[in-house]
Amino acid sequence: MLKIEDLHVEVDGKPILKGINLEIEAGQVHAIMGPNGSGKSTLAYALAGRDGYEVTKGRVIYKGEDLLEMAPELRAAEGIFLGFQYPVAIPGVSNIYFLKAALNAIRKHRGEEPLDAIDFMKLSKKKAALVQLSDELAKRSVNDGFSGGEKKRNEIFQMAMLEPSLAVLDETDSGLDIDALKVVAEGVNALRGPDRAMLVITHYQRLLDYIVPDVVHVLIDGQIVRTGNKDLAKQLEKEGYTEVRDALQP
Amino acid sequence: MTEASRQTLLASLPTSFDTGPEWLRALRGRAADRLRDQGLPTKRTEAWRFTPVRSVVDAEFSRDDKGIASLVSALPDGVTVRNLNEVLESEPELLEGRLDLGGAPSHFAALNTALFDDGLWIDVSAGTVAAAPIELSQVVPTRSEPGVTYPRVLVTLGESAELTLIETYASNQAGELSNSVVEVDLGRNAKMSHVRVHQNAGLQVGRVDVRQAADSGYRSTVVTLGGALLRFDVRCLLQGKGAECQLDGVYLIDGVDHADHHTLVEHQAPHCRSAQTYRGIVSGKGTAVFDGVVIVHRDAQKTEAHQENRNLLLSDTATVHTKPHLEIDADDVICSHGATVGSLDEDQLFYLRARGIPEDLALAMLTYAFLESIVDRVNHEPTRERMREALLARIPHGDEIRGVT
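These protein sequence lines map, in sequence, to chains A and B.
Residues 0 to 249 in numbering that gives the first Met the number 0 are what the first sequence spells out, letter by letter.
Residues 0 to 404 in numbering that gives the first Met the number 0 are what the second sequence spells out, letter by letter.
Check each hint, because a few of them may be wrong.
Unchecked claim - As a list, the in silico DMTMM-like pairs of lysine to aspartate or glutamate whose alpha-carbon atoms are at most 20 angstroms apart:
#	chain 1	residue 1	chain 2	residue 2
1	A	K107	B	D359
2	A	K150	B	E345
3	B	K322	B	E345
4	A	K138	B	E371
5	A	K107	B	D398
6	A	K181	A	D208
7	A	K150	B	D346
8	A	K121	A	D143
9	A	K107	B	E399
10	A	K150	B	D344
11	B	K190	B	D76
12	A	K107	B	D375
13	A	K138	B	D375
If you're looking for bench data, these hints aren't it; they were derived computationally from the structure.
Could you build the full structure based on these sequences and the hints that come with them?
So this is what it looks like as structure tokens:
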């Protein structure tokens with residue numbers, strides 16, 4: 000589904016990612032763990048196509064196509080979803096209108112008819128229940144006045160509505176207490192399936208107790224330094240990033 | 000050295016005024032004398048620094064006075080609308096002292112005072128709550144030679160009367176000048192909501208002058224949808240204790256359009272509140288000017304006054320001049336003011352696009368949401384809806400984002 004080859008990315012002229020190689024198959028959940036400043040969010044933004052994240056080398060093949068050539072909205076339409084670490088508030092744009100516009104833009108790209116208001120409301124009710132997001136929140140302006148937990152639930156709600164092929168979840172656990180974390184993780188797990196891949200980015204192993212990954216990568220200083228199974232996450236938790244990094248020093 | 004202003008616009012000022020009641024002839028005579036003496040503004044006039052006033056002052060117009068605003072809605076009970084000329088003929092004493100802009104007309108308002116030919120007087124009797132809005136419209140017909148019109152409206156609300164007034168100034172003709180004056184007199188505890196839409200391809204100078212008695216409330220919502228050159232002034236005199244005014248405005252300027260909005264609130268009495276919120280989007284080679292003044296007189300203790308102007312620039316060639324300021328002579332007051340000029344929030348734009356919304360629609364959503372929050376405060380739903388539609392019609396791809404807010 001996704002193949003990243005020797006990806007180098009600069010932000011403001013500063014190299015952040017220094018040769019990432021990663022391959023994700025449909026149905027898999029990969030986790031990327033790393034300390035602050037290792038380049039985790041940069042990878043997420045580069046995959047979603049944010050301006051200012053300049054790819055200086057390497058390529059990314061998504062479903063056989065060159066992902067880096069696509070505008071952000073085209074990537075979304077092709078099934079890439081970025082769950083933001085810090086979802087921005089957009090006062091004056093209603094959450095539900097925005098999501099309907101997004102869903103119908105994606106449906107249009109797929110050659111499907113737009114959902115009418117009634118079908119859309121039915122679907123959104125069902126999906127909002129998945130992450131226990133109240134109707135009232137769904138109708139407010141996008142993330143405006145939402146608590147940290149509500150913002151994250153709103154991200155997963157949107158993911159459930161848009162049914163992406165590849166979900167990139169950037170520190171979805173940050174700022175969540177344990178109960179909110181469980182709700183969000185259950186929402187994510189409900190969306191796991193044979194046709195869908197996920198890239199879960201996190202600083203802490205805690206999230207991976209609830210969203211159990213197939214593969215774990217350790218990102219340090221813009222490079223993947225180790226790859227393993229879910230036990231690698233536990234080892235990291237116990238030993239810390241410093242030990243893992245030091246163990247790699249020649 | 001540029002050529003001196005020719006002041007062509009003053010050419011039609013008569014040397015004497017022979018019709019109407021004595022007080023009106025004197026009023027017009029004083030206005031004309033003052034204009035002949037001082038002239039119309041030039042680019043050196045402080046209040047016109049950023050607006051090319053010469054294109055108005057030195058323009059040639061075929062004289063045409065019949066562009067008065069006309070009533071386009073049915074009259075609710077308790078509201079009377081009369082032609083000024085008819086009242087000036089039959090009961091001139093009713094209007095004496097009510098057409099002089101509080102004794103301080105600006106240049107263009109003085110010109111209107113000297114030259115207006117008829118107009119409307121809207122009166123809401125004490126205790127009457129007008130059940131429906133009154134709508135006035137000045138729509139200039141397309142004609143072979145551009146003319147100048149001097150619309151004049153007087154609005155008086157008796158004690159505890161309430162009215163919503165919607166004015167539309169529209170013209171499709173380039174070079175046409177409308178120089179309008181609206182005077183509003185609010186009795187004790189009267190409440191007025193005043194929506195004013197500018198949709199003008201020509202030149203427009205407009206002035207709204209409001210005098211407020213104790214506990215009265217005035218809410219102005221100005222919606223400016225382009226215009227070759229627009230200058231709009233609203234002045235509120237808070238003369239009675241506990242009076243409140245809210246001056247809101249949105250402007251959407253593109254092409255080479257130019258819009259200049261001035262506000263002036265004078266707190267003359269204690270315990271009054273005023274708030275101003277103007278928001279604009281400027282693109283292309285457009286220019287927007289905002290100049291807002293709050294004056295708090297020495298006796299106006301317990302004043303609360305707020306002022307805010309926010310602008311989004313959507314192109315490198317668009318220009319904004321903004322100058323909110325306060326002059327405070329009282330010591331027990333709460334005042335704030337601020338202005339911002341910025342571009343669209345990149346985080347918001349990316350968030351929308353990352354969900355699959357094409358860039359042009361995302362831009363439309365964000366610009367519309369920025370302005371709609373002002374329109375949303377109009378306290379009359381059908382009017383709100385019309386203002387929303389007017390904004391959507393002006394925003395690129397606006398028709399595809401209906402319902403976004």
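Taking the hints in turn, this is what the structure says about them:
1. A:K107 / B:D359: Given that 20 angstroms is the threshold and the Cα spacing comes to 16 angstroms, the pair holds.
2. A:K150 / B:E345: Distance of about 19 angstroms is within 20 angstroms: holds.
3. B:K322 / B:E345: Violated: K322 (chain B) and E345 (chain B) sit about 26 angstroms apart, past 20 angstroms.
4. A:K138 / B:E371: 17 angstroms, holds
5. A:K107 / B:D398: 18 angstroms, holds
6. A:K181 / A:D208: 10 angstroms, holds
7. A:K150 / B:D346: 15 angstroms, holds
8. A:K121 / A:D143: 23 angstroms, violated
9. A:K107 / B:E399: 14 angstroms, holds
10. A:K150 / B:D344: Holds - the C-alpha atoms of D344 (chain B) and K150 (chain A) are around 19 angstroms apart, at most 20 angstroms.
11. B:K190 / B:D76: Holds, at about 16 angstroms.
12. A:K107 / B:D375: 31 angstroms, violated
13. A:K138 / B:D375: Distance of about 17 angstroms is within 20 angstroms: holds.
The structure does not agree with the numbered hints 3, 8 and 12 stated previously, though it agrees with the rest.
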